[in-house]
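If you read the protein sequences in the order shown, they are chains A and B. Per our numbering, the first sequence starts with residue 1, numbered consecutively. Per our numbering, the second sequence starts with residue 155, numbered consecutively.
I should point out that these hints are in silico values taken from the structure, not numbers from a laboratory. Everything numeric in this text was worked out from a predicted model, so none of it was measured.
Not the full set, but computed from the structure, chain A residues with beta-carbon under 7 angstroms of chain B:
1) Asp49
2) Phe50
3) Met51
4) Phe53
5) Thr55
6) Val57
7) Gln70
8) Phe74
9) Lys77
10) Arg101
11) Thr102
12) Leu128
Virtual Cβ for every residue (Gly too), placed ideally from N, Cα, C.
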Amino acid sequence: MTPVEILEKIKTKFPGVASTEAFGILNMETEQNKLRPLLVFLRDELNFDFMNFMTGVDRPTENIIEVVYQLFSFTTKASIVIRVKLDRTKPEIETVSDIYRTAEWHEREAAEMFGIVFLNHPDPRILLLPENFKGQPLKKDFRHPNMTPLPEVK
Amino acid sequence: MAEKLPASLEKLNTEEYLLNMGPQHPSTHGVLRIILKLDGEVIKDVVPVMGYIHRGMEKMFENRKYDQIIPFTDRTDYLSAVNNNFAYVIGVEKLLGVVVPERAEYLRVILAELNRIMSHLLWLSAYGMDVGAFTPLLYIFREREEIIAMFELITGNRLTHNAFRLGGFKYDVPKTFFEKLEKFISHFADNLDEYETLLINNVIFKSRTVGVGVITKALALSYGVSGPSLRGSDIKMDVRRDTPYSAYSKFVFEIPTGKNGDTWDRCEVRMNEMRQSLSILQQAMQGFPQGDIMAKIPKIIKPPAGEVYTAVEGPRGEVGFYIISDGTEKPYRVKMRVPSFSNLSALKDMTVGFKIADVVAIMGSLDLVIPEIDR
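Construct the complete structure from the given sequences, taking the supplied hints into account.
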């Protein structure tokens, strides 16, 4: 299946998803409430059975936090990137860990690094950070006393 | 129980209990802690606890220039430094639109495959120790040392090579390298057969591993398990074949798979993978082209704004880099997709119902590297 064919199939089922192509990979933007049905559709109908990773991207200038899901199809060898924009002041999204089991740990990581709240997550504990750690380190405005800027080399 | 117990034992109750394994435990091969919920010897639940060596790599990447990041990638999975370099540099090269000379591509493949063999050999010796066989280690480190010496010849380093540069290599290979490689190829296949007889096909080893830690096809895919651990479950997925990168499309090789998805299958897949790597090495050495070793890349690396995800097949599975560039000298965001992270997340479904001693065997068969998980 070519990216164009995949796109057409998704467009018929989910009108209103925006999409672009970069380096041969489909980039697709969707909304919070459409994410779960879209992922189920991709997994069951279009054979996207493998989630490479999911993560967040902080964009303070636009006041959003982007959530990125990268999927791969073992059957058709196609890749697709799904992205959802969340409000940076209150980033909340439904968990997808029951659709792709690997998302459980990736979501835990994204939650502690970006402060995203994953609703209905089965195990919402911290994953990598120390227990008493304050702040979300991968946010762009994160500051820590131990962080010193690198010296400029000329 | 038909047999009547003495009165003093009849009053005993049994209950489930928690056992802490690690963070300092020889079989976790790093600083990983596992909380086991046990009923006698039978495992009821497994909860991995990690992050003991979390260094905030992804944050560090955001504050470094593109070429300064390469040595950091060595230090995530220190057993496959070359493959981590590989995934990162092809990502940045894709953003830059740089075409790497063929000679550099071939050399990259040679180093990546040597690195795969080196990593699998360390796994094999350590796994032998995990299940109680000490002897293989003494044999295997002989061959591993040969590979490390070759890496030392090219890069000057033994484990964290920092071998790759954006656009190719800094230095060409010394002439003596190919003599050493040829010598290695000539005897390694025989050694491999010996190790397989010594450990993998050993009756005691088989009784420890066959039928233990089974993971089904669907579950393995859903957990994002990759590499030999996934291929053990009879799924022919390999980044080198599915989305060929660098010069891999020019080589003929097979993708070994297991049948049942148990611990023994994962071991057997790794053994066969080394044979395939050896075949790739042979082909790459025969067709090694002349020419430049470095592409023309700008002195100040400023990729145009955009994003890219590139993955390579590391010894443990899919190593991927998701790089977002905003057009400056430093990346806006870099996410590392590491194989051990996803492989470990499937541990619970593999171990529940087995005995406590099997945890060591199952975990070893996943070939975990903890700094890679914590990053």
